[in-house]
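A.B. asks: Here is how the chains run, residue by residue.
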Amino acid sequence: MKLQANEPEGPLAEKWQKHQANIKLVNPSNKRKYEIIVVGSGLAGSGAAATFGEMGYNVKCFTYHDSPRRAHSIAAQGGINAAKNYQNDGDSIQRLYHDTIKGGDFRAREANVYRLAEVSVKIIDHCAALGVPFAREYGGLLANRSFGGAQVSRTFYARGQTGQQLLLGAYSALSRQIGLGTVEMHPHEEMLDLVLVDGHAKGIITRNKETGKITSHAADAVVLATGGYGNVYNLSTYARNSNATAIWRAHRKGALFANPCFTQIHPTCIPVSGDYQSKLTLMSESLRNDGRIWVPKKVGDKRAPQDIPEDERDYYLERKYPSFGNLAPRDISSRAAKQVCDEGRGVGPTGLGVYLDFSDAIKRLGEDTIRERYGNLFDIYHEITGESAYQSPMRIFPAVHYTMGGLWVDYNLMSNIPGLFVLGEANFSDHGANRLGASALMQGLADGFFVIPYTIGNYLAECRDKRATVGHSAFKDAEENVNSITKKLLNTRGRHPVSHFHRELGKIMWDHCGMARTKEGLEEGITKIQKLRKEFWQDVNVPGDNEEYNQALEKAGRVADYMELGELMCRDALERDESCGCHFREEHQTEDAEALRNDEDFAYVAAWEFKGVDDTPVMHKEELKYKETKMATRNYK
Amino acid sequence: MNVTLKVWRQKNADEAGYFETLEARNLNPDMSFLEMLDVVNNELEADNKMPVAFDHDCREGICGTCSLTINGQPHGPGEGVASCQVYMRSFKDGDTITIEPFRAKPFPVIRDLVVDRTAFDKIIQSGGFVTVRTGSAPDANAIPIPKETADLAMDAAACIGCGACVAACKNASAMLFVAAKASQLNMLPQGKAEKDTRVLKMVATMDEAGFGNCTNQYECSAACPKLISEDFIGQMNRDYLFASLRQKFLRRKKNA
Ligand SMILES: Cc1cc2nc3c(=O)[nH]c(=O)nc-3n(C[C@H](O)[C@H](O)[C@H](O)COP(=O)(O)OP(=O)(O)OC[C@H]3O[C@@H](n4cnc5c(N)ncnc54)[C@H](O)[C@@H]3O)c2cc1C
Ligand code: SF4
Ligand code: FES
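For the record, the sequence lines run as chains A and B.
Counting from 1, position 307 in the first sequence corresponds to residue 307 in the numbering used here; the numbering is continuous, with no gaps.
In the numbering used here, each residue's number is its place in the second sequence (first place is 1) plus 1000.
Looking at chain A on its own, in the form it has when it is part of the complex:
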């Protein structure tokens, strides 16, 4: 299989405009005749479905949530990047592009990233017009803050609820189209399989959560905007129901899975407190604008933070990375936290924590200013831990937060299956081996509002004669496949609930495919997952039936998919015998323990082809060529 990225020719800065000019247009009266399925109603899905509707296509949008407004995008706190240069601090499209590609440690596709930076400016315009109440300065203009991996202030925000406000903006645009009848919304409907007709994506199979009814839906193209798969690790900052099923089942149907091992571990989360724990809560990276991260210099220093004098504290990020300091990128900050904890200098009851201290900022700016900036985050912290961060430093620790990997897509966001498009966190396209803060919201909205509405035209214009109906046997086969998985899950009647297996898998993934990885560790991880997967199918207990509201059954299907995806992640991490971005192979590090990239051998996207559950997948490479950017060693010192 040869992977065609289908990047347009020409200089980087002109590619997108040229491409837009060359894309085939679908004539307005014909648009009505096309049906598009959008799975997902997060930023990417809502944006796409709303815009398709405005353009005149017939759209069906699916979400397993009870309302499109509940997609996980709602939880994003900190902000969204855009190269507006409203602060007049030297920002530009070129600079945002460069920060993003460098932040991703040169493992993303040049042309896609440039386009992302280019359309970022339109996103802010559109969202402000939709009534998103962005933070403003006293003069009435938009305010900005700084985020990790950048030396300019280009992050737009709405208090600590940026994702909520952006999603509600996109949801309002989607709602308008639903009201107008151009989008048919299907809430509580979970996609369980992709249907291919003659090699093209022509529909999906869904299960209604309330009745268990399995339904076939046909369309001219299928767009997946189903979010990330970090819940493989069980504990993460994701919503509990976020899952990989849509993209995994598409992968099983032939869609290539790119860079599955690239998982972002966010440095600032509330540490784990007990084994009943169901999720980890993120403390936005924006806190690092004013908070200082430190641990005691002495190993095993158990004094209260207030009792540790200034000269016995190690502000390790400021020490190691003087020019970025507390705003060093996420992968670097997380690893640095792991290092100090491994040295025995971690804080809190478990020793797995570091301090994020606001006392200097409170002295400098006053408590009111800090409350204005981060009040709701301090409240969340207080609620969960019962401690006040105005009085003593927060304790934080890294947690799984985002997946850069995802289904492989070309420049048009089309997967290797014609007619299957993938947007937002579900694809692999823009963040390479590490995503910079405030760039996922940007990507979701860029893909949904500003890229796919154009790029889908090329495919639709060409596939006019390839229509399919649910009468086709491929739909029946796919329904049967779904039913057989359900039956197997319900009929096993083993000894353990699904959550037991999820917890075990999460532990394996965190230990073997987490912040630091080794050849031996990954090999062991793979063996353990294979064993656990066998146990799962012999010993899982799923109560109830299919024909009812059955949360245990939903969970079981998702965990069954993680059992396969987890193994692929380990395999990918094993194959990538270098360190880059979030992917830290202990075998490859510099003298001062920084990731050591190997561009000679690994400057490629690893796109995996499914061959069967117990068969070894095949890797296809898309070589990454940097024509206009120099692949430098990342240096945040």
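Since the hints were made in silico from the structure, they are not lab data.
Some hints could be false.
Straight line, CA to CA, 30 Å or less: simulated DSSO-like cross-link-like pairs of lysine-lysine [claimed, not checked]:
hint: 1; chain 1: A; residue 1: K122; chain 2: B; residue 2: K1122
hint: 2; chain 1: A; residue 1: K213; chain 2: B; residue 2: K1122
hint: 3; chain 1: B; residue 1: K1049; chain 2: A; residue 2: K488
hint: 4; chain 1: A; residue 1: K363; chain 2: B; residue 2: K1147
hint: 5; chain 1: B; residue 1: K1147; chain 2: A; residue 2: K122
Note that the structure is predicted; figures quoted are calculated from it, not measured.
Starting from the known structure of chain A, arrange chain B with the ligands on it as the hints suggest.
C.D. replies: Frame of chain A, contents of chain B with the ligands only:
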């Protein structure tokens, strides 16, 4: 700690519901209320019984999915929190805790503690938006907005669409939810053009969906996890009044 739960069980909208008594043992006070339910459900599943169905997702108070009435209070004890932000430290060892769904006629029960809140989506679809086509917006700084206005709009926009306001109201009124969205958009320059139609349509859809009238008791604000102020209801009533008058006037002018 140990607590006794009296939990509402109901197989689906058509079957009658009942309270079931369940014991929750060996709890840690630092657990969240939902984590306590996870533990109870694990035990039920191990016994081959159906776990208690309850809605949840983000578990950090922002998605608006969780919707428990705990001891008669929508979202339980504590001010300004959603069900997922309630911790076991709010209860005492040996307590008996009643857990019910959000009760309101426009929110039929789907199963146990899960209710159908699509009526809220219908209200938004009727007018909770600004009409602007993708790609047609002016530069975001072309329209300055006074900071106070933006901040107030944000206060209203903080609504998570959970429905606690409806469940807390004896009339099952959705006024706080509707007022929060309508006020946010009506207050911003971007939303001014559709100010009248927005409020008229949203209120009409709310009435059609079977939500009751507001009798100014403001149980809604007290139960709201985002403490949305009842002042927005006043603002919407004003917007509604002007909009109706203006419409009558326009209609008369047209007929004249
Ligand atoms: C706590 C937290 C804070 C964050 N903060 C920031 C931030 O400040 N800035 C930033 O840029 N990024 C942030 N991120 C990342 C960012 O929020 C996400 O990457 C982004 O919102 C993903 O958007 P999406 O549209 O791709 O997917 P999602 O918003 O996850 O939406 C997925 C949609 O797909 C649907 N779906 C999935 N599977 C199926 C299926 N099988 N059938 C039917 N429907 C399905 C879901 O119902 C949902 O509607 C944060 C993430 C987290 C977890
Ligand atoms: S107004 Fe408050 S209680 Fe009502 S839906 Fe919004 S957040 Fe929930
Ligand atoms: S689970 Fe999201 S608000 Fe409670």
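A.B. asks: Give a verdict on every hint.
C.D. replies: Structure-based check of all given hints:
With a CA separation close to 29 Å, the supplied pair K122/A and K1122/B stays within the 30 Å bound. Taken as a hint, the K213/A and K1122/B pair is honoured in the structure, with Cα atoms around 23 Å apart against an allowance of 30 Å. At most 30 Å may separate the alpha-carbon atoms for a hinted pair to count; K1049/B and K488/A meet this at roughly 18 Å. A hinted pair counts as satisfied when its Cα atoms are at most 30 Å apart, and K363/A with K1147/B qualifies at roughly 25 Å.
Restraint check: the Cα-Cα separation between K1147/B and K122/A comes to about 22 Å, which is no more than 30 Å; the hinted pair holds.
Comparing the model with each earlier hint shows no violations; every hint is respected.
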